[in-house]
Amino acid sequence: MIRELTCIGCPMGCSLTVEVEDGKAVSVTGNTCGIGKRYAEQEIQAPTRMVTTTVLSDNGRPVPVKTMRPVPKEKIFEVVNEIKSRHATLPVSIGDILIDDAAGTGVPVIITGDADR
Amino acid sequence: MDRHVSLAVIGAGPAGLAAAVSAHEAGIENIVIYERDEKLGGILNQCIHNGFGLHTFKEELTGPEYATRFIDKVRELGIRCETESMVVSISPQREITVVSKRYGLRVVSADAIVLAMGCRERPRGALNIPGMRPQGIYTAGAAQKLVNCEGYVPGKEVVILGSGDIGLIMARRMTLEGAHVKVVAELMPYSGGLKRNIVQCLDDYDIPLKLSHTVVDIKGKRKLEGVTIAEVGPDGAPVPGTEEYYECDTLLLSCGLIPENELSLTAGIGINRITNGPFVDDRLETDVPGIFACGNVLHVHDLVDYVSEEAGRAGRHAADYILSGGAKKNPPNIVKVTPGQGIRYTVPVTIDLGNIEEDVHVRFRVGAVYKKVTIKLMCGDKELTSKRRTIVVPSEMEDVILRKSILEEVDGDIRVEMTGGGL
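Quick note, the sequences are listed as chains H and V, same order.
Under this note's numbering, think of the first position of the first sequence as 1, with each following residue one higher.
Under this note's numbering, think of the first position of the second sequence as 1001, with each following residue one higher.
Please keep in mind that the hints were generated in silico from the structure rather than gathered at the bench.
Not one of these hints is a red herring.
With a cut-off of at most 30 Å between alpha-carbon atoms, the simulated DSS-like pairs for lysine-lysine come out as follows:
id: 1; chain 1: V; residue 1: 1371; chain 2: V; residue 2: 1058
id: 2; chain 1: H; residue 1: 73; chain 2: V; residue 2: 1156
id: 3; chain 1: V; residue 1: 1387; chain 2: V; residue 2: 1336
id: 4; chain 1: H; residue 1: 84; chain 2: V; residue 2: 1145
id: 5; chain 1: H; residue 1: 73; chain 2: V; residue 2: 1058
id: 6; chain 1: H; residue 1: 24; chain 2: H; residue 2: 37
id: 7; chain 1: H; residue 1: 73; chain 2: V; residue 2: 1195
id: 8; chain 1: V; residue 1: 1156; chain 2: H; residue 2: 84
id: 9; chain 1: H; residue 1: 75; chain 2: V; residue 2: 1182
id: 10; chain 1: V; residue 1: 1195; chain 2: H; residue 2: 37
id: 11; chain 1: H; residue 1: 75; chain 2: V; residue 2: 1156
id: 12; chain 1: V; residue 1: 1182; chain 2: H; residue 2: 84
Simulated DEER-style distance windows between Cβ atoms:
id: 13; chain 1: H; residue 1: 85; chain 2: V; residue 2: 1323; range: 54 to 60 Å
id: 14; chain 1: H; residue 1: 93; chain 2: V; residue 2: 1287; range: 40 to 46 Å
id: 15; chain 1: V; residue 1: 1287; chain 2: H; residue 2: 85; range: 52 to 58 Å
id: 16; chain 1: H; residue 1: 91; chain 2: V; residue 2: 1125; range: 39 to 45 Å
All C-beta atoms in this analysis are idealised placements derived from N, C-alpha and C, irrespective of residue type, glycine included.
Bound-form chain H, shown alone:
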């Protein structure tokens, strides 16, 4: 089976043609670099995405956060809901860990913006 994908690894957005056998990518063409090949292989087997959102701080203002690594695509809403159930105690700095293991993905959620008040 042939699948056409658009790489999301960088803004170039290469059009990838992937030959799929038994749910695995056996060949990838159209990619400019290794990111495209890895993206295609992952996307065929188990798609993942980075999640970025905000968490409310104790002064009621949002603080930006992200997953440290991509999480399984089907877990995006669970991860977002877990983040929404928390709040950040100020001050926070970039890189602070908000959640060690978001929604059982094993991926931590970290703060991406400094906030002190």
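Fit chain V to the known structure of chain H by using the hints.
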């Protein structure tokens, strides 16, 4: 005159920060960055999604993380930043009028100025959408600020007009915040945003993108009740009978960005009507000596990495200008850079062949989607450099580098030509 500085940088977004850093590294110490917001970082503070910095830092950062890299550098170098300070005019003699709560109104003279004011979104008033004027209509960036910086989600049932990157990013953002994004309508037959944003912001959440569609009516007296979307024909007019009504409480507009050049006009700087940004030469100097421009105030970029790179050059050239007192090393030999068929504009518009010190980036956008093209930079019949592209689209800025060694062989005007792709 209240004060004098070597370099005044207007705006502390990605362009202003990078320009100040590179000017400092080139030996200029008396620098002030003026910023009207209370924070440094500009629009990056509200761009909490990732995807920034692949070129600059070889990693994918979110907007605030990317901004912080430059803010930390500015602080480390001890560059003075005046926040909550709004520049209201600039004279051709490089006198800047600044207002702030702290210092009141001041006039500051500068040896050189870097314009880094960025751009703003095209508002509803500039789009000529018919219908009522209820509450519930926002530009995508205004909604982005409300959601990401203020913590308010503007609505529950959303329609987005325009497929610019901010609109696509907001389609996903509103979805993650629990809203239902019903459709993204795009007037043009192609998307205005990056391909990867179509995939990860629309396709991932099954949000339909309707190309060649626009909003033809807005319903709701006080509060938005719904919008009517129709297909548009090749002539740009709505096709009768294709109207579809969407009930919604929020309409987001992502219909293009306009460089913010009111200040440039006060200095008498010539503005290119295609980019809505200043005309600049290869040193990113405007037609008013000592005033340089970079980033989205010069022409709208799609990637912040290119803004930082360009601003770094502007800062360096501004530093050179200050250190040399505006004197050129060699007699000028100025040639024009002009866009050929299918190409809308070029930045820069002139190159001083007499004073080439580094490679020159020629940046431009195409007017439509073209496949399998060759882009050539020509001087008369001589090909200076060329590059093949499988596809070029209006939403992605092109960049061709003219090597210093090649420019040393050039003796006339330069044309950017595109062949193939049905041209």
